[in-house]
Structures are given as structure tokens and as C-alpha cells.
Amino acid sequence: MYGLLTLIACELAGALIGEALHLPIPGPVLGLFLLAALLAWRMRGQTEPIPQDLGRTADFLIQAMGLLFVPAGVGVITEASLLRTEWLPIAAAVVGSTIASLAVTGLVLHRALHARHGRPA
Amino acid sequence: MTEALAHLWTPLATTPLVWLFVTLTAYAVGLQVHQACGRSPLASPVLIAIAMVSTVVVSTGTSYSTYFAGAQFIHFLLGPATIALAVPLARNLGYVRGHLRHIAQALAAGSLTAVLTGVTIVWGLGGSRTLALSMAPKAVTTPIAMAVSGQIGGLPSLTATLAILGGIVAAIVGQGLLMLMRIEDWRAHGLAAGVAGSGVAAAQVAARDPLGAAFATLGVGLNGLLTAVIVPLLALLFR
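The listed protein sequences derive, respectively, from chains A and B. The opening residue of the first sequence carries number 1 in our numbering; numbering runs sequentially from there. The opening residue of the second sequence carries number 1001 in our numbering; numbering runs sequentially from there.
Just so you know, these hints were derived from the structure itself, not from any lab. Treat the hints with caution; some may be incorrect.
Unchecked claim - What follows is a list of derived Cβ distance ranges for each label pair:
1) B:1211 to A:49: 17 to 27 Å
2) B:1184 to A:56: 35 to 45 Å
3) A:49 to B:1059: 17 to 27 Å
4) A:37 to B:1101: 11 to 21 Å
5) B:1126 to A:12: 38 to 48 Å
6) B:1004 to A:37: 56 to 66 Å
7) A:43 to B:1029: 31 to 41 Å
Said to hold, decoys possible - A few chain A residues that face chain B, going by a derived Cβ cut-off under 10 Å, partial list only:
8) 15
9) 86
10) 90
The beta carbon of each residue, even a glycine, is placed where N, CA and C say it ideally should be.
Isolated chain A, as found in the complex (with noise of 0.2 Å):
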């Protein structure tokens, strides 16, 4: 109960600071920002855990969180005629961003995390 009150009111509070502040953000993401923040600093310096209900409540909806995608997903239908006349364009970013972004994360943290021991010849 209390797990999805904090997630409710983490959510209401984004959407509120967005409106009052003229933010571009979306509303739940301004609310995972907050509530990540409180968790951190909570968790600060020493091994808190997270509220134990919290932490089902949030297992629970991570869990089920495709289930969540569907009504929206299903929006597709009113774009059919994009789909029908995009789809090279679609395919196309869709691959090759993925691997570009892929690849650009992998190098880079590898460098970084080996730059500072040397290599090995």
C-alpha cells in the first residue's frame, strides 16, 4: 500500500514541478528523478535498504510492465499508412542505430575502464 502511494506521489509531484516549472521533461520522468534521488540519498553512507514495500510494488509493476505497453502499442492501427509507406526508413534506424549505439557504449566504457592499467603488449 505504501509502495504505491510513494509512486503515485513521486508521480503527481513530477507532473507538478514540470507544469509549475515549464519543463520540457515528461512528468513520470521528473517523478523517477525525484524518487531515485530520496533513495540515494536515503541509502547514503550506510547499507539502508529500500523500504521493503516499495521494493515488492515496484518489482511487481517492473514485472508486469509489457503487459502495460499494449494498450498504447496497439495505437499502431491508426498508423498503418505510415508503416505502410516508411518502412525502409523505419527498418533502417531501427538496425542501424541500435548497433551503432551498441557499439559507441562498448568501446568507449572499455577504453575508459582499461586506459588508467595500461594494456598488456
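Starting from the known structure of chain A, fit chain B onto it as the hints suggest.
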């Protein structure tokens, strides 16, 4: 017979219960298929469910708004579920304390690459502005991608599909690609999967290595936050 069914269906089609039932059933079938296919990323339960529900909605001549009036009870939980991502993010921050600077570099580079290459390829191949805007946030976890897409004038439903497809691509090619580049560090594999392919690809790495899993979770969460900040700002610049 068909007429009798139509008499039965017509009043039912506008009640929320029917569409809640159809959505839950389709997702349950999707999970079963996913399980039967050895949890292959190709058999995404979400895509299976979307395809099944779309088929039912279109073939019964139901409008999307009628469907959504029922399914919105499920959709509503997406907000709290997005906030809930803060929990794994906070849980995993401790694992990576010493590497935050390196992670930030890789995250910034990978995140910008995903956004810029996605938009550039769409433009280069003559795609529409709507498609480019829907493509921009597709590397991040679906709820954040949809929220950002709606914010900048893309189509959240299209972005949801693109995000899931991108995750599937990352899950399929990620490990092979990085091995080919002689990157064998699971931390790099994890972060790359999380940043480029969000939850779908992160789950692949998480099953193989616990430290990789922490980096993957962090990649998903941090890229969601970063993209939610930079994409709306970039969209303002290019308006």
C-alpha cells in the same frame, strides 16, 4: 449464426471488460509463446500481444478509441511503473561507485549516438518528420520513450513499437558485435545492452553475469533520464 453473434457482440464491444479481457488474454498467450520459444528475444510477448489485440480490434471493426476506453485501466499503471524504475536504479548504484565517471562518458556517447544516428538515417532515407521524432527516443526503456515521444510531437504508439524492435535487435546482435570488436568485459556488454537496447537486451546480459546485470540496469535507467533531458532540448533547437 453470424447475425446472432453480431447481436451479442455489438453491446459487448463498448464495455471496458471485453477489452481488458482481450488485452490480458493476448499478453498471457504472448508469455506462453515466449516461454515455448526458449525465451528467445525474437518471440517478444509484447509484440505478440500487440499483434493479436490489433487483429481483434481491426477485424471486429472496433475503433481504437473504443478499445482504449477499456484498456486505459492497464495503460494508467504505466506511470507508476515508470517511477518504479528508480528502485533497481538505486539498488545498483552501489555496485558501480568507483566507475561513475567512466560510465557517464560511455553513457553520454552511446545515448547521443542512438538519438543522432536514428534521426539521421530516417531523414537520409526520406522518412517523415513524425517518424524522425518518434525514432529519436527509441533506445530508452519503452515507458520513458513513449513519454518523450509524446512530448516532442512524435507518435507514442509508434515509438513503443520501435523501442521494442530496437531492444530485440540489440539482444540478438549485441554480444556477437562486441566480441567481434574484442570487447570481452561483461561490464561493457551490460552497459551497452542497457543503453542501446533497454530492458529487452539488458535481460539477455543479466542472465549471464551478475556484474553485467548491474551495469545493464544502470544503463537502462541512466539512459532513460539522460534521453528524457536531451531529446526535448534537441527537438526545441530543430523546431
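Outcome of the hint check:
Restraint check, residue 1211 of chain B to residue 49 of chain A: a C-beta distance of roughly 20 Å satisfies the suggested window 17 to 27 Å. Evaluation of the 35 to 45 Å hint for residue 1184 of chain B and residue 56 of chain A yields a pass: the beta carbon distance comes to about 36 Å. At roughly 49 Å, the beta-carbon separation of residue 49 of chain A and residue 1059 of chain B lies outside the given 17 to 27 Å, and the hint is violated. One distance hint, 11 to 21 Å for the beta-carbon pair residue 37 of chain A and residue 1101 of chain B, holds here, with the actual separation near 19 Å.
One distance hint, 38 to 48 Å for the beta-carbon pair residue 1126 of chain B and residue 12 of chain A, holds here, with the actual separation near 42 Å. For residue 1004 of chain B and residue 37 of chain A, the hinted distance range of 56 to 66 Å is satisfied, since their beta carbons lie about 59 Å from each other. Distance hint check: the CB atoms of residue 43 of chain A and residue 1029 of chain B are about 40 Å apart, consistent with the given range 31 to 41 Å. Hint status for residue 15 of chain A: holds, given a least beta-carbon distance of 9 Å to chain B, under 10 Å.
Interface restraint check: residue 86 of chain A against chain B, minimum CB-CB distance 5 Å, threshold 10 Å, status holds. Look at residue 90 of chain A: its Cβ gets to within about 7 Å of chain B, closer than 10 Å, so that hint holds up.
Hint compliance for this structure: hint 3 is the single one not met.
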